[in-house]
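Below, each chain spelled out in residue letters.
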Amino acid sequence: MGKIPPSFKTARLPVTTLLRNPRSIPPHESSSPSVTPTPHPHHFPSTKKTANKKKHSSSRQKTDPSSQNPSPMIFKSPNLSDAKQTFNSILSTSPASLDLRFHNALLQSYSQISTPRDSLSFLRHMIAKQPSFSPNRSTYHILLSLSCKYPSDDLSPVLETLDLMVQKGFPPDHVSLDLAVRSLCSIGREDEAVELVKELSVKYAPPDSFTYNFLVRHLCKTRVLSTVYNFIDDMRNSVNLKPDVVTYTILIDSVCKRKNLREATRLLGVLDDEGFKPDCFLYNTIMKGHCLLDRGSEVIAVYKKMKENGVEPDLVTYNTLIFGLSKDGRVDEARKYLDIMAEMGHFPDTVTYTSLMNGMCRKGDALGALELLEEMEEKGCSPNSCTYSTLLQGLCKSRLLEKGLELYKMMKSGGMKLEAASYATLVRALCRDNKIAEAYEVFDYAVQSKSLTDVVAYSTLESTLKWLKKFKGPEFAS
Amino acid sequence: MLPQKVKKAITENPRKLANLIDLVNLPSTLREFVGRSQISRLGCFIHVWSYIKKNNLQDPNNKNLVNCDEKLRSILLGKSQVELAELPMLIKLHFPKEPK
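Those sequence lines, one after another, are chains P and C. If you want our numbering, it's the position in the first sequence, counting the first as 1, plus 1. If you want our numbering, it's the position in the second sequence, counting the first as 1, plus 10.
Quick caveat, the hints were computed from the structure, so don't treat them as lab data. Treat the hints loosely; a few may be bogus.
Unchecked claim - Calculated cross-link-like contacts (lysine-lysine; reagent style DSSO-like; alpha-carbon spacing at most 30 Å): (1) LYS102/C x LYS204/P; (2) LYS73/C x LYS418/P; (3) LYS258/P x LYS26/C; (4) LYS89/C x LYS451/P; (5) LYS364/P x LYS305/P; (6) LYS107/C x LYS243/P.
Given only the sequences and the hints, what does the whole structure look like? Please build it.
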């Protein structure tokens, strides 16, 4: 019994109170094992949304037995009779500690290595052996999650589990739906997730905005845009579920990533027609979109519009702004925003400085970028490998190989990784300077530090040498 | 900008990638040097390059040159001295394109 976490031994809720009115537990707290904060696909404007999600899901998880890792080593084989025996032996040694949460933990543990059918049999066995154990919604959610994750040709195992839940007096609510959708999506069964959402919204409860937006985001990542739009239209027509600001943010981000400017503009129009006020994150997404579509100069217009509408810019806004301007070659303007953002109480971070350095290097002012590195370190902001790679590339491109090599040595002593582009530029600069042996040494470092795979590192080296022979002519090669 | 373009071409072109990493049955000369009957072009390059480093075969006055020892000479066209820059090309000679 030493493997059982102590949390199972001291149950906060006596089983009996749970049994008397299991339905009185607010659905948010009942269960949802797999509701975890989803990793955000887009790195810029996601801070607040992630925070919201975290809060939301942690409140769900607080009382959720199955989310705690229930000593996965209890069951060593997926064999049903072995599992039953294990349960019997636990039952005979310490019947006192067997409360509802413990049973759920056991079921969860077993379900991780077995089939839906065996898990159900195991549950029936537990009920038969321990009459005081009465499964709650969490118990069935474990089975539901399993039947979603278990490979199958169609939705029938999921629907069977749902029917079972209805039979036992737990008709699927939006938590069940959320759980099922996330489980299905986690193994790439998006089409089935859509089908399930459509079916359940009509039959039981429509998805809440979290489930809905999760599915939209997942579809954006894995399917063509028309599939996403079809889903949104279907939901609007069948259960009157409309996209919200978050949905539009996801959509705009997605179309910008696909470099579909026309659709992004149309979406902005739709947003306006629907009467939504963009928030800081949507503005950040729009800004990022402009950067992605090589329209860095537009970021100022977005920034101004933001100010006009009284939306307070955050650190991400300024970083995107400086990134966009730098990309567009307007480094001087970008620099001004360094002071402006500090005035507003947002202190430039590594991302800010690296974007600005990148802009300066593009303009050919690698030495200026090097000065900026000192300035940034003075202000207590430490550079990362991206900063160094940017600088290294800039220095090599500006034919300042000596300084570049100094920087490379610093990177090497700090064990920093080289980015593919910086590596290629450095190798090319070295070869151009007839420092072939040093280029080979950089190749060794790139492979050994795991910056690049040996295939990429070698093919860069090989093609650079080929290029060298071709352009420097035979007098060099001989 | 050329190398970057080429790099993309190689990692995204399955045939070129295969050309680099597929195991190839070696001719007897190379088999002796490598100590195996099969190796990829990339593996062979790495093997030769680490052989050079291990045995300090780089010319002390000009690190770009390699003074071949007997073993190395046997696989690099019998040359007594080769340039590091031509090493990939020399190794490629042992990996002729398969006619298809």
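Right, here's what the structure says about each hint:
Between LYS102/C and LYS204/P the CA atoms are separated by roughly 66 Å; this puts the pair beyond 30 Å, and the hint is violated. Straight-line distance between C-alpha atoms of LYS73/C and LYS418/P comes to about 25 Å, which keeps the hinted pair within the 30 Å bound. Distance check on the hinted pair: LYS258/P and LYS26/C sit about 29 Å apart at the alpha-carbon level, within 30 Å; holds. Of the supplied pair hints, the one linking LYS89/C and LYS451/P is violated, its CA atoms being roughly 34 Å apart against a limit of 30 Å.
For the given pair, LYS364/P sits about 26 Å from LYS305/P by alpha-carbon distance, which is consistent with the 30 Å threshold. For the proposed pair LYS107/C and LYS243/P, the alpha carbon gap of about 59 Å is over 30 Å, so the pair is violated.
When held up to the earlier numbered hints, the structure conflicts with 1, 4 and 6 and fits the remainder.
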